[in-house]
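Use the sequences and the hints to build the structure in full.
Just so you know, the sequences run in chain order F and Z.
Per our numbering, the very first residue in the first sequence carries number 214; after that it's consecutive.
Per our numbering, the very first residue in the second sequence carries number 118; after that it's consecutive.
There could be a bad hint or two in this list.
Stated by the list, open to error - Covered by chain F, according to a simulated footprint, are these stretches of chain Z (three or more residues, beta-carbon under 8 Å): (1) 164 to 173; (2) 208 to 216; (3) 294 to 303.
The set of hints was computed from the structure by calculation and includes no laboratory data.
The beta-carbon is built from N, C-alpha and C at its ideal position, and this holds for glycine as well.
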Amino acid sequence: MTRQQSHTLAVRAITAVSVLVIVPILLVIGYVVAHGIGTVDWTFLTQPPRDGMRAGGIMPALLGTLVLAAGTAVVTLPAGIGAAIFLAEYAGDNRMTRAVRLAIVNLAGIPSIVYGLFGLGAFVLFLRFGTSIVAGALTLGIMTLPVVISTAEEAIRAVPDQFRTVSLSLGATRWQTIRHHVLPHALPGILTGIILGLGRAAGETAPILFTVAAFYLPELPRSIFDQTMALPYHLYVISTQVPGMPLGMQYGTALVLLLLVLSMTLSATLIRTRMRRRREW
Amino acid sequence: MSPKIEIRGFNFFYRDFHALIDLDLLIPRNQITALIGPSGCGKSTFLRCLNRMNDTIAGTRADGRILLDGDDIYAPDVDVTGLRQRVGMVFQRPNPFPQSIYDNVAFGPRVLGLASARSLDGIVEESLRGAAVWDDVKHRLHDPAQALNPGQQQRLCIARAIAVKPEVILMDEPCSALDPVATLRVEDLMQSLASDYTIVIVTHNMQQAARVSHQTGFFWLGRLVEFGPTGALFRAPRDPLTEAYITGRRG
Chain F
214 MTRQQSHTLA
224 VRAITAVSVL
234 VIVPILLVIG
244 YVVAHGIGTV
254 DWTFLTQPPR
264 DGMRAGGIMP
274 ALLGTLVLAA
284 GTAVVTLPAG
294 IGAAIFLAEY
304 AGDNRMTRAV
314 RLAIVNLAGI
324 PSIVYGLFGL
334 GAFVLFLRFG
344 TSIVAGALTL
354 GIMTLPVVIS
364 TAEEAIRAVP
374 DQFRTVSLSL
384 GATRWQTIRH
394 HVLPHALPGI
404 LTGIILGLGR
414 AAGETAPILF
424 TVAAFYLPEL
434 PRSIFDQTMA
444 LPYHLYVIST
454 QVPGMPLGMQ
464 YGTALVLLLL
474 VLSMTLSATL
484 IRTRMRRRRE
494 W
Chain Z
118 MSPKIEIRGF
128 NFFYRDFHAL
138 IDLDLLIPRN
148 QITALIGPSG
158 CGKSTFLRCL
168 NRMNDTIAGT
178 RADGRILLDG
188 DDIYAPDVDV
198 TGLRQRVGMV
208 FQRPNPFPQS
218 IYDNVAFGPR
228 VLGLASARSL
238 DGIVEESLRG
248 AAVWDDVKHR
258 LHDPAQALNP
268 GQQQRLCIAR
278 AIAVKPEVIL
288 MDEPCSALDP
298 VATLRVEDLM
308 QSLASDYTIV
318 IVTHNMQQAA
328 RVSHQTGFFW
338 LGRLVEFGPT
348 GALFRAPRDP
358 LTEAYITGRR
368 G
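Right, here's the structure in full:
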């Protein structure tokens, strides 16, 4: 085999393997759509489940997941953005910041079921929030922190130094500089990280298992100290716990969850590409 | 007249590197002082000591005194933001914020609380006029600053600097990214600003130093080799190093 032939062969092999990456995602989406599309209609989205969840819709679970995502945002936003600003703008390289960074890396590596148990111990039992939206949002919020912190820090660091220098040279304080000339430019990047994190949180089952998710609760929660149904857990329940469940209900639920999470990921990607195009430096 | 800035036994270090060595000089009030010397000689470092912009670099250390109107700017109780308001800076490349022309100039007065919303318009106009860029931009104050050409951008940056009413303006090779025509306009501007401000300019362009400045200092390897009236320094340099540099034999 000549050098040219082996080069051609290598390129073809690499291309073929890359294309293989697309196959699983297409299969998963295709499979779920094919089995679920027949079930998903307006009634499915707006009605509570009936007949031991074998009929009706998924409205309380869908709404619960949206509420949980919002709650997660409330928990993770201030802490995540605050930590990112601290790490990128204020912290030098010392023992304390190394400890914070190590903590972030480790938070990202903890299995989600461990978060669930932690949430049960810390929020449900110790802080006496009970099985509630607060406890679930706190658990999901902590789990989401590493993603938010690392993407936000990256976005803040990407802002050119010259804006900081000029702002400081005009007599602005460090915080005024960050507030007016760093955060506005970093915002799209920060937003991307938040949406990706929330998308992941919305799809998780284990962290909400013991902290918030209700097996079957047709009426909507009235306060943040109530339980709620949630899509991922609902899907788990109707797939494993209810005998005689029509297949369409399961795949319909899976389809809605998948679309929800995919649309969040997609909007994060869109924000990022728009930001790249609009960049003014 | 007392000097605007008095530098006494000043040394500056980047970690172990002794960047500025035993500087002693007086920068006269309402004049233009040019600092020349080869790259890496410490002239820009010195400029950034005058408004303590080097503070933002980790591992730097200053020693000795720099007196602004008699007050030591490195004294422990100095408010650095207040110092930077008094000692403004214009940079090598025109670097307007990616905002409107108006917001560029208004940023300083806004964050320093210098103006009510009504008088802000006045400050912006006054600053743009002061920087000889008002006629270029008066009909498009709310256009992005990036739409201006480099020469206009640099004058906008000067307007931004004078909008906070500084006493001293530091200029770090302000014309090195500009074409000759734009350079001349900025030099004219410096001359007219000198009646109200004390200007210190770092330049690689010796003709520029000779054209615009009243005093010139020649830096070499972190030391101030020679400092004196510009005419005398260029006509009859006292130090052989200075002579070698300005005649192009060294540097």
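Apply the coverage criterion to the region 208 to 216 of chain Z and chain F: a residue qualifies when its Cβ sits closer than 8 Å to a Cβ of the chain, and three qualifying residues are needed. Our answer is that it holds, as 5 residues pass the Cβ test (under 8 Å) against chain F, meeting three.
Test coverage of the region 164 to 173 of chain Z by chain F using CB-CB distances below 8 Å; three residues minimum. Held - the region 164 to 173 of chain Z has 3 residues with a Cβ nearer than 8 Å to chain F, which meets the minimum of three.
Taking a Cβ-Cβ distance under 8 Å as contact, does the region 294 to 303 of chain Z have three or more residues in contact with chain F? The restraint on the region 294 to 303 of chain Z is violated, since only 0 of its residues have a Cβ under 8 Å from chain F and three are required.
Checked against the numbered hints given earlier, the structure breaks only hint 3 and satisfies all the rest.
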